Amino acid sequence: MHILVIEDDREMAAYLTKGLKEHGYTVDHAADGREGLFLAATGDFDLLIIDRMLPHTDGLSIVKLLREQGIKSRILLLSALSQVDDRVSGLKAGADDYLAKPYAFSELLARIEVLLRRKDSEGEQSRLRVGNLEMDLIARTVARAGKPIELKPREFRLLEYLMRHPGQVVTRTMLLEGVWDYHFDPQTNVIDAQVSRLRQKIDKGFDKPLIHTIRGAGYSLRAAD
Amino acid sequence: MTVFVVSVVALLGFIYYATIELIDRETNNVIDAETKGVVEQYSLFGLRGIAGVIQHRAANLKEPGAIYLLANSNYEPITGNLSAWPADAEDTPLGQTEEGQWVHFRISQGEGDEKISRQMRARIIGLPNGYYALIGRDIGERERFRQVMQAALAWSVVIMAMLAFLGGLLLSRQLLRRVDTIARTSRQIIDGDLTQRVAVRGTGDEFDRLSSNLNEMLDQIERLLVGMRAVTDSVAHDLGAPLTRLKSRIEMTLRGTPDIKTYQATLRSAINETDHIRATFDSLIDIARAEVGAKGFEMKPLNLTELAEDLLELYEPVANDRRLRIESSLAETAPVLANRQTLAQALSNLIDNAIKYTPADGAIHLDVTATPEQVRFTIEDTGPGIPAAEREHVLQRFVRLEKTAETPGTGLGLSLVAAVAKLHRAKLALNDNAPGLRVSLTFQRCLEDE
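Taken in sequence, the protein lines are chains A and B. First residue of the first sequence? That's 17 in the numbering used here, and the numbers climb one at a time after it. First residue of the second sequence? That's 37 in the numbering used here, and the numbers climb one at a time after it.
These aren't lab readings, by the way, just hints derived from the structure by calculation. Owing to the predicted nature of the structure, the values given are computational and were not obtained by experimental measurement. Careful: at least some of the hints might be erroneous.
Just the calculated beta-carbon pair ranges, DEER-fashion [said to hold, decoys possible]: (1) A:Leu55 - B:Met335: 33 to 43 Å; (2) A:Arg83 - B:Pro423: 48 to 58 Å; (3) B:Leu373 - A:Ser142: 50 to 60 Å; (4) B:Arg265 - A:Ser142: 41 to 51 Å; (5) B:Thr239 - A:Arg83: 54 to 64 Å; (6) A:Ser142 - B:Ser284: 37 to 47 Å; (7) A:Arg83 - B:Glu345: 48 to 58 Å; (8) B:Pro471 - A:His228: 40 to 50 Å.
Computed cross-link-like contacts, DSSO-like style, restricted to lysine-lysine with a CA-CA straight-line distance of at most 27 Å [unchecked claim]: (9) A:Lys168 - B:Lys392; (10) A:Lys163 - A:Lys224; (11) A:Lys34 - A:Lys163; (12) A:Lys80 - A:Lys117; (13) A:Lys108 - A:Lys163; (14) B:Lys283 - A:Lys108; (15) A:Lys108 - A:Lys168; (16) B:Lys336 - B:Lys297; (17) B:Lys283 - A:Lys117; (18) A:Lys80 - A:Lys108; (19) B:Lys151 - A:Lys34; (20) A:Lys34 - B:Lys98; (21) B:Lys283 - B:Lys297; (22) B:Lys336 - B:Lys151; (23) A:Lys168 - A:Lys217.
From the derived model, a few chain A residues whose C-beta atoms are all more than 12 Å from chain B [to be verified]: (24) Lys88; (25) Pro118; (26) Thr157; (27) Lys163; (28) Glu171; (29) Gly183; (30) His199; (31) Ala239.
Note that CB positions come from ideal geometry on N, CA and C, so glycine has one too.
Make a model of the complete structure from these sequences and hints.
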């Protein structure tokens, strides 16, 4: 997987490049907007990580220009502006995700994973399956090993989110955004309590748990082999 | 002003001519009618008839100033109340027509000092046998009236022009004085005295409205400035302290003996400290943005009950883990105009606080009530509450309660709630729940019902 980092802060860029390489990605770096746009326009990259504030051409314009040229690379915008409307303007311009600075590296990594594995045909499935856990998106039912599980609507959406990203790390922020559509940080860790309740319903009475806690990052739903 | 004077002159001129014209027409009609009568007499009874009627009329004047005269072809009077044919009218070219001819002339009457000159208007008819009949009226009255009227009109034009000039002068001086007042006040403000306000007279006129708008604008600017100052103060206080702490911890570690374990511990605590700084920083920015006002916040009608249910559901597991009961009674529809994210953040702060401060096995009460005018969100906890003296204080921007070691968070939660309440024009009230705290937010009900 080939990633381009467009970031003018040298130290930030070095940190990103090093971290991503350690996780097996091929990484290129551009230090300003013009160079970044030039490289990205080749379309050779699977993912672009673009800082919003850049010299010469700002991040938002790069995203717009690339989308106008039909470049389909996934785009993750980084920004010191964390407000919801900044986020909305980023996504409207054509970015796939938006992350406020400073971020935990684990958060960035989780989002990259999700973006790179996202399929264009997503959402057309009517059934999701992870191990012996099955979800019927039309009948809105869940069963594990053939045994039906009763879920409240919100628990269903939480589980759906996890099942749409099997084997990937899903952070608390991603859940709060994706399931609840809240873009602020509730001070108490409400997500942990929500996941542990879901875990009670999904994993209780089974030898092999499906919901795993990833320390310092979030959660992951995967079938143990 | 010129326009005003010209139109006054035009109007008065019109009145003048209309009046004069009316009087002239009146005189002419009377003379015409009499002439007609005389001509009829002639056609019926000939010269004798006409002489009779003129003699009769001259002897019994119906109105003063009427003149009648019958003269032969040499203008020698035969009968009538004029002693001689008026000299002015002698050479008037006269045809032998019944149509006659209009003449103006002056005659003198009386003797010596009492001799007066009268101005007449008359009609002369040539009769077939060379005789002339003259029938007329004294138009001196009309002349005098015309002169009086002319003088009156001329004076009124002069007086009006003067009044218009004086009025305009006074009015513009008054206006300029008021503009001057505003200019002077704004000068003082530009020079740095933001407490100055433009004087409002209370008359409710355009200047008053302008002045009170300016004053409101100044109030808003002052609020923003004070807010800015508060932000800088808070940034200095809330961020300065942890940064200093962070720096001194790192310096102390470096000064000590190099030891990988100590280094790791310091770095880990440094990360925690920066996370905390970031959280504080975010809160400060959120509060400042909500404080500054509605720009950039999309306000949409939403049902407060649905939002409350949503948040209750989000917090329910946490509350359960802490063995807290959350009781709620929610109105079915509670429409408010709101920015969903900021309102959700504020309400989640309130729920979060209630959960944090209520001891285990305690209860939290959450109500949403709606009347046709208002929508109210109330949350009651059974925690330690806030001392009455501090409650008012807490509602001011950026004020934080003294943080206790065991309660996490930036301590800015209520400040954010206050700022968000202001953004939504909602009234925030803190009351004693004996024991505990009751916080209520009262919104205007949104009229676009669902």
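Give me the numbers of the hints this structure contradicts, sorted from smallest to largest.
Hints 3, 4, 6, 7, 11, 13, 14, 15, 16, 19, 20, 22, 25, 28, 30 are the ones this structure does not satisfy, whereas the remaining hints hold.
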